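From first to last, the protein sequence lines are chains A and B. Counting with the numbering used here, you get residues 887 to 1231 for the letters of the first sequence. Counting with the numbering used here, you get residues 887 to 1231 for the letters of the second sequence.
I should point out that these hints are in silico values taken from the structure, not numbers from a laboratory. If you're wondering where the values come from, they're calculated on a predicted model, not measured in any experiment. In this text, a Cβ means the ideal position worked out from N, Cα and C, and glycines have one as well. You may find that some hints are simply not true.
[Claimed, not checked] Away from chain A, derived, C-beta distances all over 12 Å, residues of chain B:
#: 1; residue: 901
#: 2; residue: 917
#: 3; residue: 931
#: 4; residue: 939
#: 5; residue: 948
#: 6; residue: 988
#: 7; residue: 1012
#: 8; residue: 1018
#: 9; residue: 1097
#: 10; residue: 1110
#: 11; residue: 1186
[What the hints assert, rightly or not] Calculated lysine-lysine pairs in the DSS-like style (CA-CA distance at most 25 Å, straight line):
#: 12; chain 1: B; residue 1: 944; chain 2: A; residue 2: 1145
#: 13; chain 1: A; residue 1: 1145; chain 2: A; residue 2: 945
#: 14; chain 1: B; residue 1: 888; chain 2: A; residue 2: 945
#: 15; chain 1: B; residue 1: 1182; chain 2: B; residue 2: 945
#: 16; chain 1: B; residue 1: 945; chain 2: A; residue 2: 944
#: 17; chain 1: A; residue 1: 888; chain 2: B; residue 2: 1182
#: 18; chain 1: B; residue 1: 1182; chain 2: A; residue 2: 896
#: 19; chain 1: A; residue 1: 944; chain 2: B; residue 2: 896
#: 20; chain 1: B; residue 1: 944; chain 2: A; residue 2: 945
#: 21; chain 1: A; residue 1: 944; chain 2: B; residue 2: 888
#: 22; chain 1: B; residue 1: 1058; chain 2: A; residue 2: 944
#: 23; chain 1: B; residue 1: 888; chain 2: A; residue 2: 888
#: 24; chain 1: A; residue 1: 1145; chain 2: A; residue 2: 1058
#: 25; chain 1: B; residue 1: 1058; chain 2: B; residue 2: 944
#: 26; chain 1: A; residue 1: 945; chain 2: B; residue 2: 945
Number of protein chains: 2
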Amino acid sequence: MKATIRNVAKLAGVAPSTVSHYLNHTAQLAPGTAQNVERAIAALNYRVNLGARSLRLKKTHSIGLIIPNISTPFFGELAAMVESVLWDRGYQMLLSLSARDVNREMSHLTNFVSRQVDGILVVYNQEQEQRAQNVRSLAVPVVFLDRVVRGAPSVATDNYLGGQLAAQHLRKLGHRQIAMLCGQSDIQNVIDRMAGFNDELRRDGVAVDPAHVLHGAQDLELGSRVSELFSRPPSPTAVFATNDIVAIGAWCGLIALGKRVPQDVSLVGFDDVEMSRFLVPPLTTVAQPAAVIGRKAVDLLLDLIDRKQALAPADGNTILLEPTLNVRGSTGILEKGGDPAVPLY
Amino acid sequence: MKATIRNVAKLAGVAPSTVSHYLNHTAQLAPGTAQNVERAIAALNYRVNLGARSLRLKKTHSIGLIIPNISTPFFGELAAMVESVLWDRGYQMLLSLSARDVNREMSHLTNFVSRQVDGILVVYNQEQEQRAQNVRSLAVPVVFLDRVVRGAPSVATDNYLGGQLAAQHLRKLGHRQIAMLCGQSDIQNVIDRMAGFNDELRRDGVAVDPAHVLHGAQDLELGSRVSELFSRPPSPTAVFATNDIVAIGAWCGLIALGKRVPQDVSLVGFDDVEMSRFLVPPLTTVAQPAAVIGRKAVDLLLDLIDRKQALAPADGNTILLEPTLNVRGSTGILEKGGDPAVPLY
DNA sequence: TCTGGCTGTCGGAGCGTTATCCCCGTGAGG
DNA sequence: CCTCACGGGGATAACGCTCCGACAGCCAGA
């Protein structure tokens, strides 16, 4: 006998609606009746069919998450927190990876809509202009992660501020010859980090030599190219990587070059992935609160869902979280070759 | 007007079943009719409700994946491959994290069943005895990942062989004082790696000094405790870590101690995470083919689903994949202090 | 004793699909 | 001119669940 609510009812000698009431605590049953229902449920090993329930209730208790990939620690941490918070609040996470492919992303989006998810969280790659537009036509609440989208709910790090923090720190240590390793510098986030960094340096009259700027993917390989920076003088005394993975790659590259960190070269990363703390010396890095972003985004999304005000683009819907600078051992006071006029910190 | 198949039909002046036929290519429509339907679909921005379809078809085209966490690179890679293959074959991945908590795991399992997933992939933490039993009662095809479960379909690495490979390599290089860093040594996988390693050494008459064995979690912290191994002689000349993260931690720890890799100490890891290649020197490690595991597991599961032979515990259902040893720079020939009687490789 | 409200339970409609069966019209073949 | 096959399209019954309204039976208060 198949485990449906109707069969449970039959076995317990009651109506299906009574079983439903029992399951949902939506009515008080007489003790005897309740026992019969319990027994029938156990006998059939019955579990409610959430698909059918969803169809009736127009609510699936599922949320779609789209991220570019899962191996970048930042996204991994984000996804983990999203899953955890969703589960605590009774939702299932559907995970899809976009691989930074806009078409794939769009397919996932419409697929989610077809699956009747209650809401969508997305780290979007679409061009700025089209974002809000495309998504509004989905008629499902959407919250953007790790991206700022005007007129749409989004939760992100203040990357510009993060860049500023890194710059302030290096300047205070007396560095003037500073290099940048820019991973994925076509992405707005990275652009903001670079802008914050450059603007802050410029405020002190320091400019980054264009020859000291390397572009590439957000991977260890870009970092290992740090050697190129030392091929001809003046060599940089500090390196800012827009991403911890790149910074770790740079760290490996510097060691391979025989450079000491931080005596010869100071190194600052961005993200604060777990491994940063375990380098020797540990990496100074701008901490991006992935877990907080995940938590806040879920809170915001579930809020929108509950209040059905999903598509109202209230300005308060954009949450910008402040990164913090975690100063560790990879940065130090400039020892020699620095401008003597600059007071050391 | 709400975007349902009925409304589309009304707008196109046909019956709902005709629209259904159109959508599923299950019947040929007259060109004019087809156009009308197309137009109506576009006008209403209609997308089929997969929930309703699933209810009718008893097939959700969704698969549940349960892994302990997402930040361990191995699991991340696994999940990424699973998502990718599933998506290619028209399935959606539901991801849940167990945090190695058996209860949480069981909840996720029953939740998946309630959601009518077509199949489940799980990296299981349940005790060996209960595994097959518990899961069989779910009445849904289940494939175990990264674990060998007797009498149930599973896809895993041959961890014992992996341990052997590491041992063979170190022996050939002449090492006799060998330490082990055992992350999460209560897990069968790790037990197998240690067993393979020890057995292979013993075959050559070498035994690991119990004082040279450290246990802990699978994290960088355990690795950094490598310093404890050098507190009193004899010091090990080689270290085997049952996991790359631990190995990387050990690498950091060794550098902090002033030990050179591989001149003073050789180091072997397990997993071959991306970062291994970027250490200086790069890490010799046993590669566990996470991507292959993911792909094979999905293939196996979808196969079971299609053939409805899900619960037949055919022995051929266990797939054991061979790991490979990637020899890189972190291991070298024993230079001094080794047993001179041993021919160097 | 009658009324009215409360408690426990039931029947049925409907959520949005699709599969099955049926029907109508057309054109070819006898 | 009749038959029959076939192609295009419709009506209907589920799929498993929940909500709504209804209806007995019961007890308290008048």
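Structure-based check of each hint:
1. 901: 21 Å, holds
2. 917: At roughly 26 Å from the nearest Cβ of chain A, residue 917 of chain B sits farther out than 12 Å, so the non-interface label holds.
3. 931: For residue 931 of chain B, whose nearest Cβ neighbour in chain A is about 7 Å away, the distance does not exceed 12 Å, so it is violated.
4. 939: Violated, because the least Cβ-Cβ distance between residue 939 of chain B and chain A comes to about 9 Å, which does not exceed 12 Å.
5. 948: 8 Å, violated
6. 988: 16 Å, holds
7. 1012: With a cut-off of 12 Å, residue 1012 of chain B remains clear of chain A, as the shortest Cβ separation is near 19 Å.
8. 1018: Its Cβ never comes within 12 Å of chain A, the nearest being 17 Å, so this holds.
9. 1097: 24 Å, holds
10. 1110: Non-interface label fails for residue 1110 of chain B: nearest chain A Cβ at 6 Å, not farther than 12 Å.
11. 1186: Nearest chain A Cβ is 21 Å from residue 1186 of chain B, so the label holds.
12. B:944 / A:1145: 63 Å, violated
13. A:1145 / A:945: Judged against 25 Å, a Cα distance of about 58 Å means the pair is violated.
14. B:888 / A:945: 16 Å, holds
15. B:1182 / B:945: With a Cα-Cα distance of about 22 Å, the restraint between residue 1182 of chain B and residue 945 of chain B holds, given a limit of 25 Å.
16. B:945 / A:944: 19 Å, holds
17. A:888 / B:1182: 32 Å, violated
18. B:1182 / A:896: Status violated; Cα separation ~43 Å.
19. A:944 / B:896: The hint holds at about 22 Å.
20. B:944 / A:945: 19 Å, holds
21. A:944 / B:888: 13 Å, holds
22. B:1058 / A:944: 65 Å, violated
23. B:888 / A:888: Violated - the C-alpha atoms of residue 888 of chain A and residue 888 of chain B are around 34 Å apart, more than 25 Å.
24. A:1145 / A:1058: 22 Å, holds
25. B:1058 / B:944: 57 Å, violated
26. A:945 / B:945: Answer holds: residue 945 of chain A to residue 945 of chain B is near 19 Å, not above 25 Å.
Checked against the numbered hints above, the structure breaks hints 3, 4, 5, 10, 12, 13, 17, 18, 22, 23, 25 and satisfies the rest.
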